[in-house]
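These protein sequence lines map, in sequence, to chains A and B. Each residue of the first sequence is one higher than the one before, starting from 0 at the first, in numbering that gives the first Met the number 0. Each residue of the second sequence is one higher than the one before, starting from 0 at the first, in numbering that gives the first Met the number 0.
Treat the hints as calculated values from the structure; they're not laboratory data. It cannot be assumed that every hint is accurate.
What the hints assert, rightly or not - Just some of the chain A residues that point at chain B, by a computed CB distance under 10 Å:
id	residue
1	ILE1
2	ALA8
3	THR12
4	SER15
5	ALA20
6	GLY31
7	ILE32
8	THR35
9	MET39
10	ALA42
11	LEU54
12	ASN63
13	SER80
Stated by the list, open to error - No farther apart than 25 Å at their CA atoms in a straight line, the calculated lysine to any residue pairs in the SDA-like style are these:
id	chain 1	residue 1	chain 2	residue 2
14	B	LYS77	A	VAL10
15	B	LYS27	B	PRO86
16	B	LYS77	A	ILE21
17	B	LYS77	A	ILE76
Note that CB positions come from ideal geometry on N, CA and C, so glycine has one too.
2 protein chains.
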Amino acid sequence: MIDLIGTIAAVLTTLSFVPQAILVIRTKRTEGISLTMYAMFTAGVAAWLVYGLSLGAMPIILANAVTLALASVILTIKIRSVFPAQPSTQGATAATSAPIAS
Amino acid sequence: MIDLIGTIAAVLTTLSFVPQAILVIRTKRTEGISLTMYAMFTAGVAAWLVYGLSLGAMPIILANAVTLALASVILTIKIRSVFPAQPSTQGATAATSAPIAS
Numbered sequence: 000m001i002d003l004i005g006t007i008a009a010v011l012t013t014l015s016f017v018p019q020a021i022l023v024i025r026t027k028r029t030e031g032i033s034l035t036m037y038a039m040f041t042a043g044v045a046a047w048l049v050y051g052l053s054l055g056a057m058p059i060i061l062a063n064a065v066t067l068a069l070a071s072v073i074l075t076i077k078i079r080s081v082f083p084a085q086p087s088t089q090g091a092t093a094a095t096s097a098p099i100a101s
Numbered sequence: 000m001i002d003l004i005g006t007i008a009a010v011l012t013t014l015s016f017v018p019q020a021i022l023v024i025r026t027k028r029t030e031g032i033s034l035t036m037y038a039m040f041t042a043g044v045a046a047w048l049v050y051g052l053s054l055g056a057m058p059i060i061l062a063n064a065v066t067l068a069l070a071s072v073i074l075t076i077k078i079r080s081v082f083p084a085q086p087s088t089q090g091a092t093a094a095t096s097a098p099i100a101s
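Chain A on its own, in the form it takes in the complex (with noise of 0.2 Å):
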């Protein structure tokens, strides 16, 4: 019975950013998120991985590495939602240096 709970209790809260990971990705929305509870959970259930790889526990592997999948792509939208990649400066210059028809 104990390890039917512990198993419930590992698929709910490893699937349960199947619905976040999909409502970002989908919305790209991720104001009410905040960036450095994801920067710690990231790190965090990255520990938990190697914590199960170190002791050989599959359980731990399995639900922390599809956890990590998923809190890393959350953190990766985010990253780009706070600090947006700058237009490069390349592609500009070249369009103004180009020859003005005559």
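We have chain A; now place chain B onto it with these hints.
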């Protein structure tokens, strides 16, 4: 060394919900947050707490009790933003039937 990694992992994943709870409490902005995620995650953390209590494993109990409190705060604020409380009609009828000052 392995225990140290496990402790770091537990502290990071548990405390990562503090900045998210603070952000949501302060801004009440939850557009980017998935209600489905927090419903599943909170249920999952509750199951981890039951699991820890069944085993008498203090680290699992402590980590998940803190996470459950934080996740519940975020979930409650998200639910209130998705299903705002309807202004009670009782207050409205009392106002309309008040005697008009002659």
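Comparing the hints with the structure gives:
For A/ILE1, the interface hint holds, the least distance from its beta-carbon to any beta-carbon of chain B being 5 Å, beneath 10 Å. Given the 10 Å rule on beta carbons, the hint for A/ALA8 holds: about 4 Å separates it from the nearest Cβ of chain B. A cut of 10 Å between beta carbons decides the hint on A/THR12: the least distance to chain B is about 4 Å, and the hint holds. Because the smallest distance between the Cβ of A/SER15 and any Cβ of chain B comes to about 4 Å, under 10 Å, the interface hint for this residue holds.
At about 9 Å, the closest approach between the beta carbon of A/ALA20 and any beta carbon in chain B falls short of 10 Å, and the interface hint on this residue holds. With a least beta-carbon distance of about 4 Å to chain B, the hint placing A/GLY31 at the interface is held under the 10 Å criterion. Among the interface hints, the one on A/ILE32 holds; its C-beta lies about 5 Å from the nearest C-beta in chain B, closer than the 10 Å criterion. Taking 10 Å as the C-beta cut-off, the interface hint given for A/THR35 holds, the closest approach to chain B being about 4 Å.
The criterion of a C-beta within 10 Å of any C-beta in chain B is met by A/MET39, whose closest approach is roughly 4 Å, and the hint holds. At a threshold of 10 Å, the smallest CB-CB gap from A/ALA42 to chain B is about 5 Å, leaving the interface hint in force. With a cut of 10 Å, the hint placing A/LEU54 at the interface with chain B holds, because the nearest CB-to-CB distance is about 7 Å. Look at A/ASN63: its Cβ gets to within about 8 Å of chain B, closer than 10 Å, so that hint holds up.
Interface hint status for A/SER80: upheld, as the beta-carbon distance to the closest one in chain B is roughly 9 Å, under 10 Å. Proximity of B/LYS77 to A/VAL10 is assessed by CA-CA distance (about 22 Å); at most 25 Å being required, the pair is judged to hold. Between B/LYS27 and B/PRO86, the direct Cα distance comes to roughly 19 Å. Compliance with the 25 Å bound is thereby established for this hinted pair. Restraint check for B/LYS77 and A/ILE21: the C-alpha separation of about 17 Å stays at or below 25 Å, so the hint holds.
With a C-alpha separation of about 21 Å, the suggested pair B/LYS77 and A/ILE76 falls inside the 25 Å cut-off, and the hint holds.
Consistency note: the structure conflicts with none of the earlier hints.
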